[in-house]
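Asks: Please work from the sequences and hints to get the whole structure.
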Amino acid sequence: MEDEVYAIIAPWAGIPTWYTGHQLDQNRFASVMDDLHSRFGPGLDIKVFEAALRRHALDTPTMLGAPDNWDPVIKEFVTIARNHG
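Counting with our numbering, you get residues 13 to 97 for the letters of the sequence shown.
There may be inaccurate statements among the hints.
Stated by the list, open to error - Calculated cross-link-like contacts (lysine to any residue; reagent style SDA-like; alpha-carbon spacing at most 25 Å): (1) Lys87 <-> Arg66; (2) Lys87 <-> Phe52; (3) Lys87 <-> Asp37.
Unchecked claim - Distance ranges between label pairs, derived from CB positions: (4) Leu76 <-> Gly53: 13 to 23 Å; (5) Asp80 <-> Gly53: 29 to 39 Å; (6) Leu76 <-> Phe52: 17 to 27 Å; (7) Leu76 <-> Glu16: 25 to 35 Å; (8) Ser50 <-> Leu76: 32 to 42 Å; (9) Met13 <-> Lys87: 12 to 22 Å; (10) Gly55 <-> Met75: 31 to 41 Å; (11) Pro73 <-> Asp15: 30 to 40 Å.
The set of hints was computed from the structure by calculation and includes no laboratory data.
Since the model is a prediction, treat every value here as computed from it, not as a measurement.
Note that beta-carbon positions come from the ideal geometry of N, C-alpha and C, so glycine has one too.
Replies: Given below as structure tokens:
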């Protein structure tokens, strides 16, 4: 399931600015959350989402000014994902 979630969130989390508050990033996040809920409904395992997002954080090239520690950023998006819907 993690590989599937990883693929679904790639249009957002595969972009170097995925973690920013920029409107385009926020729109991409909302879109992939809709896709996840369409695919998994309330059955999305948030731990799987977190693991897939961590992989993207490690795999996606970063920009100057990216966080040194992704933990707080990932935790924030996990919380938002948990409450999305």
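Asks: Determine for every hint whether it applies to the structure shown.
Replies: Hints and how they fare:
1. Pair hint Lys87 plus Arg66 holds up; C-alpha atoms about 10 Å apart against a cutoff of 25 Å.
2. For the proposed pair Lys87 and Phe52, the alpha carbon gap of about 21 Å is at most 25 Å, so the pair holds.
3. Using a Cα cut-off of 25 Å, the hinted pair Lys87 and Asp37 holds, with the two alpha carbons roughly 17 Å apart.
4. Between Leu76 and Gly53 the Cβ separation comes to about 39 Å, which falls outside the hinted range of 13 to 23 Å.
5. For Asp80 and Gly53, the hinted distance range of 29 to 39 Å is satisfied, since their beta carbons lie about 36 Å from each other.
6. Hint check: Leu76 to Phe52, Cβ distance near 35 Å, so the stated range 17 to 27 Å is violated.
7. Checked against the given bound of 25 to 35 Å, the beta carbons of Leu76 and Glu16, roughly 32 Å apart, stay inside it.
8. Ser50 and Leu76 have their C-beta atoms about 35 Å apart, which keeps the hinted 32 to 42 Å range intact.
9. Between Met13 and Lys87 the beta carbons are some 20 Å apart, a value that agrees with the proposed interval 12 to 22 Å.
10. Here the CB-CB span from Gly55 to Met75 is close to 34 Å, well matched to the stated 31 to 41 Å.
11. Range check, Pro73 to Asp15: about 20 Å between beta-carbon atoms, so the 30 to 40 Å window is missed.
Comparing the model with each numbered hint stated earlier shows that hints 4, 6 and 11 do not hold.
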